[in-house]
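J.: Chain residues, written in single-letter form:
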Amino acid sequence: MEMKHEDYYILEDQVSIPYENAYGLTWTRFFEGLKSEKIFGSRCGKCNRVLVPMRSYCPRCFIEIDDTIEVSQEGAIVAWVLTEYEYFGMPTKPPFIGALIRLDGTDCEFVHLVGGIDLSNPDQVRKTVKNGMKVRAVWKEEKKGHILDIKYFEPVK
Amino acid sequence: MGRPVAILGSGQTVHGRRFDVSYPELVKEAVDAVFETTGISPADIDGVVFGTMPSMMEGVALTHFYFADVLRSVGKPILKTETCGSTGVSLAITGYYWIASGMADLVLVVGSEKMHEGDAQATMTTVLEPFYQRFFISGAPGVFSMQSQGWTVRFGIPEDKIRAAATKLSIDHHHDAFDNPYAHIKKRLTEDEVNNARIITYPVRLWDVCPTSDGACAMLFASEKAAKKLGKKVAWVKGVGYSGDEYWFGDSDKAEWQCAISASRQAYEMAGIKNPRKELDVAEVYNPFTFQELLFYECFGFCGFGEACDLTLKGVFGRDGELPISPSGGVLCTNPIGATGLNRVAEAALQVTGQAGAHQIPGAKTSLAHAMGGVVQFNGVMILGSEK
Ligand SMILES: [Zn+2]
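Protein chains in written order, with numbering that gives the first Met the number 0: chain A, 0 to 156; chain B, 0 to 387.
Just chain A, same shape as in the assembly (with noise of 0.2 Å):
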């Protein structure tokens, strides 16, 4: 049913609420790490996985996890989209690509961007960016201590 929207009244809202999100100390460990390029994971000390970003409990063994290594910053992709819409509020511009990472010697994908190629033309991603193809994190200049201190992983030569 396609109503007119101008035949009716339309009250115009928007609810904006400040927070203040604690990261706790395995994530404000974690993201100091990234202020000085390094990419922190915790391995579970029964099941023996390492999981990147740094977890404080393993969540498949329930047990707490106090073994924080450094991992590597390459990686394979698992699977990645080309986004090419914009919604209200999107906290990253498209075009983009969004990507399951799996960093060398870690048990889980790291969830980011894949940048450093042209975005341009669809078809042409398409046949650049490929599962299985290897991934670096490429830093920004000036780091905040978020997630997004790693500009992006850009594909390996």
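Wrong hints could be hidden among the right ones.
[Claimed, not checked] Derived pair list, reagent style BS3-like, types lysine-lysine, alpha-carbon separation capped at 25 Å:
| hint | chain 1 | residue 1 | chain 2 | residue 2 |
| --- | --- | --- | --- | --- |
| 1 | B | Lys277 | B | Lys364 |
| 2 | B | Lys167 | B | Lys185 |
| 3 | B | Lys364 | B | Lys224 |
| 4 | A | Lys129 | B | Lys160 |
| 5 | B | Lys160 | A | Lys126 |
| 6 | A | Lys126 | A | Lys34 |
Keep in mind the hints are simulated off the structure, nothing from the lab.
Starting from the known structure of chain A, arrange chain B with the ligand on it as the hints suggest.
T.: This is chain B with the ligand only, laid out in the frame that chain A set:
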């Protein structure tokens, strides 16, 4: 196992851009319809189950308080169930539990969404924590496209083959929607139109993606005693399954999606189904994205992994095929998210009671309803039958 549970009927609203009604009036439309269809009096219900997407969708929190009147819940217990996209099937399962437990004989179950009042993708992004994943998961199209991309490569499906299968699904569902009086988008599409439509999240294009819809769905779940009293043909809940993954997107396998596999197997086991493609007469699969729909066929055991595209192109899952999928046009044509999963259950119930009208699958006796949600995290499945 609890007591037998029946579905007495459903009420769906007309879907679309519903500026003609306020949000409570939209919910009222569905609630009034289910009481009118079944002839049940609102005074006879023991309680209400209600659910939607996160409050950010319409900018009003805990809308079951706002809707207390139109839900006919005053003086009665009300439960809120909320599991993102899978909310609708979670609502149905909550209603089922309530009756099966013996604690109620008649329960009103309602889901709704008025998506044109807000920004759906902005809302869904708030499902993600603000430290890490929110920056990379571009709303529902982004995350589900990434999932199907990984699946395509895992099983070595050529790009032109998945494109062809997705195009067939898009054309068929949009065409099927003409037979569903409640469907939002009804369209006759050509292959060229689908293949060359605007890119949303490559390779997913406009006609591979569901619309945003305003709508509500209401259903009545009842004990055997209440169903007998009604004296009309009812649907029976034969099996339920619900399963979720760990929170972090990168922690579990999304190509062979474990929670989709396990939710369906829980429901099959309870319903005594061994070969779903043979034993189900129709399935309402939660299909907001054509590419992802194919993955569900495999996770639900309708076929083996890597086979969905070929079988789809052969017509196995079409309206006249071995197992018709989403003859209502499905989520691809109508998606008021908090109601969408319940619409699947409502459609599955219409099918096994022979009341689906122009999109009735002749002689349907066993049907499946499904919904999925979260950041590729949850799946719910319900099996309905025409006999207890
Ligand atoms: Zn562990």
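J.: Could you tell me which of the numbered hints above are not met by this structure, giving the numbers in increasing order?
T.: 6
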